[in-house]
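Peer 1: Listed below are the residues making up each chain.
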Amino acid sequence: MLLFIEQCLNGLQFGLLLFLLAAGLTLVFGIMDLVNLAHGSLYMLGAYFAATFAAWTDSFVLGALLALAATLVVGMALEVVALRRLYGRDHLDHVLGTFGLILFFNELVRLVWGPAGMSLSLPMWLISPVEILPGLFYPTYRIAIILTALLVALFLYVLVMRTRLGMLVRAGASNREMTGALGVNISLLYTLVFGLGAALAGLAGLMQAPILTVQIGMGENILILAFVVIIIGGIGSIRGAFIAAILVGLIDTIGRAFLPDLLRLVLSSRGASTVAPAMSSMMIYLLMAIVLVLRPEGLFPVSSK
Amino acid sequence: MTAALTPRNVVIAVLMLLLAAMPVYAAVTANTFLVTLFTRVIILGIAATSLNLILGYGGMVSFGHAVYLGIGGYAVGILAQEGTSSGFVQWPVAILVSALFALLVGALSLRTRGVYFIMITLAFAQLVYYFGVGLDRYGADDGLTIRRRSQFAGLLNLSDRTQFYYLCLVLLVLTIYLVARLVNSRFGLVIQGARSNDRRMRAIGFATFRYRLTAFVIAGAICGLAGALLANHTGFISPATMHWTRSGDLIVMVVLGGMASSFGPLIGAVALLSLEEALPVLIRVSASPVFGDAAVRMAEYWQIVLGPLFLLVVLFARGGIDGLLAGMRRG
Amino acid sequence: MKRLLMGTVALVALGAAPAGAQQSVKIGFVSTFSGPTAVIGNDMRNSFELALDHLGRKMAGKPVEVIYEDDQQKPEVGVQKSQKLVESDKVDFVIGYIWSNVLLASLKPVVDSQTFLISANAGPSQIAGEQCSPFFFSTSWQNDQTPQAMGTYMTQKGVKTAFLIGPNYAAGKDMLTGVRTTFKGQVIGEELTKWPDQLDFSTELSKVRAARPEAVFVFYPGAAGVQFLTQYAQSGLKGQIPLYTAFTIDAITLPLQKDLALGVPGAQEWVNDLPNDANKKFVADFRAKHKNYPSFYGAQSYDAANFVNSAVIVVNGDLSKKDAMRAEMRKANYASVRGPYKYGNNQFPIQNFYLQDVVKDAEGNFTLKTVTTIVKDSQDQFHDQCPMKW
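Residue numbers (this note's numbering), protein chains in the order written: chain E, 1 to 305; chain U, 306 to 636; chain R, 637 to 1026.
Same shape as in the complex, but just chain E (with noise of 0.2 Å):
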């Protein structure tokens, strides 16, 4: 039973990450109709600058804060110059001109960081595990992970939902020339929101970064679950994505640590160890198969398209 609860925790502690990942890209996704797969990108910077302004200030939360408005400053220049000129193009555009990005960026930081990735080290109060229930242990850094993802989703909530920047985000989503018309300046907005949405991948990396290393390539195949989560909650969709990324992490994590024990009633020890993760893997795309072909629009659809 404990042994269940520890893995539902290290499944919501995934989701959660995932979630500040596919946060940012179904802002940028729902409000500019970009699908930017350099997104994963912009996550690898995140936890770049992070590893550097930590190991320069010695400081762990210092390096975060600091990587955190790094990859904002980065966002808003690459989208000034770059992505831009891509809005109301065809997607097949998008996904062609970021998908070079992704070369540039992996390169760029090979250029300036070198082959050899880095390592982000926490400070002591966040490395010993805490007994969190009788008998359960749990990292206290993963814990922290869980606090922060839950902050940032209630911030972004009131954000959108609250505030007057929310309020012309949502208006410019939907009715960009009246917007405008009003006196928006929409160019602005957008880039505020790419900027936001970079902060965010880059905060995703960042956390990371300590259990992972940092390594180049890194944001790449958790953006396609980034993608799938925004996709099973319905573009555009925070509330979609905050629930459909604790699933997706729940089934993937649940799978790993379920599955093989299961597989083993038929099949070879070995045998199982090399299928679960597959399996598990496997049900996260079946999920977003099924939820497309049943509800086209993903789960929680944003009406004002």
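In case anyone wonders, no lab produced these hints; they're calculated from the structure.
Owing to the predicted nature of the structure, the values given are computational and were not obtained by experimental measurement.
Heads up, some of the hints might be wrong.
What the simulated footprint calls covered on chain U by chain R, stretch by stretch (three residues with Cβ under 8 Å from a Cβ of chain R suffice, anywhere in the stretch; the number is not a length) [to be verified]:
hint, segment
1, 332 to 338
2, 443 to 449
3, 454 to 463
Derived list of chain R stretches under chain E, where covered just means 3 residues or more per stretch with a C-beta under 8 Å from a C-beta of chain E [stated by the list, open to error]:
hint, segment
4, 838 to 849
5, 853 to 863
Distance ranges between label pairs, derived from CB positions [said to hold, decoys possible]:
hint, chain 1, residue 1, chain 2, residue 2, range
6, R, Q876, E, I143, 47 to 57 Å
7, U, A592, E, R164, 44 to 54 Å
8, E, L65, U, R442, 49 to 59 Å
9, E, P123, R, D1013, 42 to 52 Å
A virtual CB, placed ideally from N, CA and C, is assigned to each residue, including glycine.
Keeping the supplied structure of chain E fixed, place chains U and R upon it in accordance with the hints.
Peer 2: For chains U and R alone, kept in the frame of chain E given last:
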């Protein structure tokens, strides 16, 4: 279709002549690798041409087209592993299984539009990718070595590089011809009409879904054949063949070469694979006078040039290389 | 179009290498030079280059020409690069290969063309057994050998129950098989993780905690080894359940693992402090040039250069005498940095394995130190399945 002496037709003619003469040149210079390299180019050209049928003409952006390369390849690999190396069995199976899978995917995903279509084709491709990863008996993640190329009862010897090369070239020409015939037929006009305005096509009485599904299945079947060729060519098949980035590569080839153009995908395949081989050399050669030995290291970063190139093509050369060539006539 | 033409021109130029009489010894070196594991490939290249420098960049009086190719850690890329080396560059030897799955895919085109392939790292069981080839040699080990040594050590330590974790690819499966053959206690759990994508081991570590084994054995090469040790510490298992490793802690990962690796034993056929002259020279010169310690990947690459050199010398530079070269190579008649060893019928080494421990050197750098010899003259268990006899 009169064969006017436009720059575009000249380039295509020269390209086809070069492809036809490649094995001769390779034999003279004793460089068999050129044949190996261009066999690969031609096979990917077939795959890209099949994708062009649905993507270029039909407007269906399939982000999972490489899955058929994998299915075709695994059909050959698994049958070979189980002791059936006859190409008369392997190849039809590769085509048939690919077509059936395309039928299933198409039937489910053609109900969706735009980015949802992109993503659902990706989802199905990922499903098969992970299925391959879980194929413990056939090498799982590590892939499967194919020890013997497909046998054709002595009619063809695929282990002979030159014979295999020309077989692929003939199949490429046939594919290009087939796709060109298709798109210029009534069938082609319907799928092209459905690309620009599906609702109107349905309003005037065409069951566009059936037409588009048929195109989707044909594209899958052709790409499955390309997969069988590819597996024979490398003597190896692994799930990586159907990784989503490979589907991305196929899209790049089509767009780079020129969408909805008969020879565009082939030009794209030639251009992309040539760039991969040539960009490092170009960087090394052009940087060495200035940077000396460091140029060798710089050449490793060739993708930093390739990536933005895609973006530039998207922004400024939407018709791809073929579009640029066609534009040259107009001046 | 201009670009396309230039590309074609460059290709043709590539192809038009002079065919005439062979003036140099051509070596193709396939390893990973991009992506997160490029650091391993670079270490191999640095060591290989150092060996060539030590040889005066000549073998039997002929200049040595090396072409490095990047396999991107992908089997399908590796096989293409290997084909290119054999068919286009017409190399005399293909050396390298970190990854077992890349090597398995690349073996056929190289040995079919009767070119010698020398693996400087990967040693999949298939090639030691039924797929063995007269054109394949290893200057490393068969995958199972190192974990077998570790299994022996765990048995010596009196470990009763163990949990095994490794990545799901050819070498990962070999490693876990290896440790099972010599570990006499009970294996109470085994997990294979997605490779190389999965880097979060929380699921597996939770299972370890629930299973309460006396020991955990892991195999995670490269950056994944850093992640595993980090997460092992974060989960609080470090200090509770001792960790035993193979290829998880080395000179490349140590600067990142630091204290986390202290007290974690590993097994290896070579350690940087082995007291023979060839090794002292290799380690000292490597450190002088690159400021850090060489890894076992590097040592095996350094050996590969000297190994090939011994064969080229015996035929006096006539590289068409393949049988004579093979006969010489089977003697392992060169100064290996691991000390003398022999070859089995499958042309894999029969060699010692040492227990290594993590220590700090005089300048405070983390490094590895030989503790003891675990097994002497270990031969892989697959050589019986190899039909080759000599």
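Peer 1: Now tell me, hint by hint, if it's right for this structure.
Peer 2: Cross-check of the supplied hints:
Restraint check on the segment 332 to 338 of chain U versus chain R: 5 residues with Cβ-Cβ distances below 8 Å, three needed, restraint holds. Counting residues of the segment 443 to 449 of chain U whose CB lies closer than 8 Å to any CB of chain R gives 4, so the stated coverage by that chain holds, three being the minimum. With 0 residues having a beta carbon nearer than 8 Å to a beta carbon of chain R, the segment 454 to 463 of chain U misses the requirement of three or more and the stated coverage is violated. Coverage of the segment 838 to 849 of chain R by chain E holds [criterion: at least 3 residues with CB-CB distance below 8 Å; count 6].
Given as covered by chain E, the segment 853 to 863 of chain R passes the check, having 3 residues with a CB less than 8 Å from a CB of that chain where 3 are the minimum. Checked against the hint of 47 to 57 Å, the C-beta distance between Q876 of chain R and I143 of chain E comes to roughly 19 Å, which is inconsistent with it. For A592 of chain U and R164 of chain E, the Cβ-Cβ distance of about 52 Å falls inside the hinted range of 44 to 54 Å, so the restraint holds. Distance hint for L65 of chain E and R442 of chain U: a CB-CB separation of about 51 Å, consistent with the stated range 49 to 59 Å.
In this structure the supplied range 42 to 52 Å holds for P123 of chain E paired with D1013 of chain R, their Cβ-Cβ distance being about 48 Å.
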